[in-house]
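Peer 1: As a plain string of letters, each chain reads:
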Amino acid sequence: SAVISQKPSRDICQRGTSLTIQCQVDSQVTMMFWYRQQPGQSLTLIATANQGSEATYESGFVIDKFPISRPNLTFSTLTVSNMSPEDSSIYLCSVEEIQTTKAFFGQGTRLTVV
Amino acid sequence: GNSVTQMEGPVTLSEEAFLTINCTYTATGYPSLFWYVQYPGEGLQLLLKATKADDKGSNKGFEATYRKETTSFHLEKGSVQVSDSAVYFCALRDNYGQNFVFGPGTRLSVLP
Chain A
1 SAVISQKPSR DICQRGTSLT IQCQVDSQVT MMFWYRQQPG QSLTLIATAN
51 QGSEATYESG FVIDKFPISR PNLTFSTLTV SNMSPEDSSI YLCSVEEIQT
101 TKAFFGQGTR LTVV
Chain B
1 GNSVTQMEGP VTLSEEAFLT INCTYTATGY PSLFWYVQYP GEGLQLLLKA
51 TKADDKGSNK GFEATYRKET TSFHLEKGSV QVSDSAVYFC ALRDNYGQNF
101 VFGPGTRLSV LP
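Each protein sequence line maps, in turn, to chains A and B. According to the numbering used here, numbering within the first sequence proceeds without interruption in unit steps and concludes at 114. According to the numbering used here, numbering within the second sequence proceeds without interruption in unit steps and concludes at 112.
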């Protein structure tokens, strides 16, 4: 099964700053997704990270706020820009294996904005 | 669009009690259905899944059956343990978008 390394695992950031979260997987995957889990709530899809092209964003999420990169089949980054306390959440990377089409989730990045 | 509804928590049970967490879905086509579990301080883990109607997913004593006629995927366990205390998410994944749609989660607390 795919092993996902998501970094950082947690961070406390000042409002107005930006944080980049990395997602590295140990095998080639077809799909990579970024989710947000706000405190006490379920997971919401932010965007699909597309290799070599712009990410596909869900309603309510925009590229200026959540720029995403995916330079190859095993790596993606999500940046949370110009942070405010409302951005305090857990951010999760999810991937789908090419061989099995199974989905896996990273451990998440717990972000607190003060 | 696709959606998942599951029973609101928190659910508090005594050890060895029977557990049911209801989940219903709305989707076009024939989605795959999942239960994920999130233990305190940990990431999401796949608990079980079913990919077509009448399939039963099972793992660690938990079971859920894909009921197309009632668009449901209720999670059951005959005898819960304290170690089952966690948040449980019902989710679906359609064959087009391949991303997940999650329910709101149900927090389960099992008391000794």
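Do not rely on the hints blindly, as some may be mistaken.
Calculated cross-link-like contacts (lysine-lysine; reagent style DSS-like; alpha-carbon spacing at most 30 angstroms) [said to hold, decoys possible]:
1. B:Lys-56 x A:Lys-102
2. B:Lys-56 x B:Lys-77
3. B:Lys-49 x B:Lys-77
4. A:Lys-102 x B:Lys-60
5. B:Lys-77 x A:Lys-102
6. B:Lys-49 x B:Lys-68
7. A:Lys-7 x A:Lys-102
8. B:Lys-60 x B:Lys-77
9. A:Lys-7 x A:Lys-65
10. A:Lys-102 x B:Lys-52
11. B:Lys-52 x B:Lys-68
12. B:Lys-68 x B:Lys-56
13. B:Lys-60 x B:Lys-49
14. A:Lys-102 x B:Lys-49
15. B:Lys-49 x A:Lys-7
16. B:Lys-77 x B:Lys-52
17. B:Lys-68 x A:Lys-102
None of these hints come from the bench; they were simulated from the model.
Peer 1: Give a verdict on every hint.
Peer 2: The hints, checked one at a time:
1. B:Lys-56 x A:Lys-102: 18 angstroms, holds
2. B:Lys-56 x B:Lys-77: OK: Lys-56 (chain B) and Lys-77 (chain B) at ~13 angstroms, within 30 angstroms.
3. B:Lys-49 x B:Lys-77: 15 angstroms, holds
4. A:Lys-102 x B:Lys-60: With a Cα-Cα distance of about 19 angstroms, the restraint between Lys-102 (chain A) and Lys-60 (chain B) holds, given a limit of 30 angstroms.
5. B:Lys-77 x A:Lys-102: Given that 30 angstroms is the threshold and the Cα spacing comes to 24 angstroms, the pair holds.
6. B:Lys-49 x B:Lys-68: 14 angstroms, holds
7. A:Lys-7 x A:Lys-102: 22 angstroms, holds
8. B:Lys-60 x B:Lys-77: 9 angstroms, holds
9. A:Lys-7 x A:Lys-65: Measuring from Cα to Cα gives roughly 19 angstroms; hence the hint holds.
10. A:Lys-102 x B:Lys-52: 15 angstroms, holds
11. B:Lys-52 x B:Lys-68: This hinted pair holds, its Cα atoms lying about 8 angstroms apart.
12. B:Lys-68 x B:Lys-56: Roughly 12 angstroms between the alpha carbons, so the hint for Lys-68 (chain B) and Lys-56 (chain B) holds.
13. B:Lys-60 x B:Lys-49: Measuring from Cα to Cα gives roughly 13 angstroms; hence the hint holds.
14. A:Lys-102 x B:Lys-49: 11 angstroms, holds
15. B:Lys-49 x A:Lys-7: 28 angstroms, holds
16. B:Lys-77 x B:Lys-52: 21 angstroms, holds
17. B:Lys-68 x A:Lys-102: Distance ~22 angstroms between Lys-68 (chain B) and Lys-102 (chain A) Cα, so the pair holds.
When the structure is compared with the earlier hints, no violation turns up for any of them.
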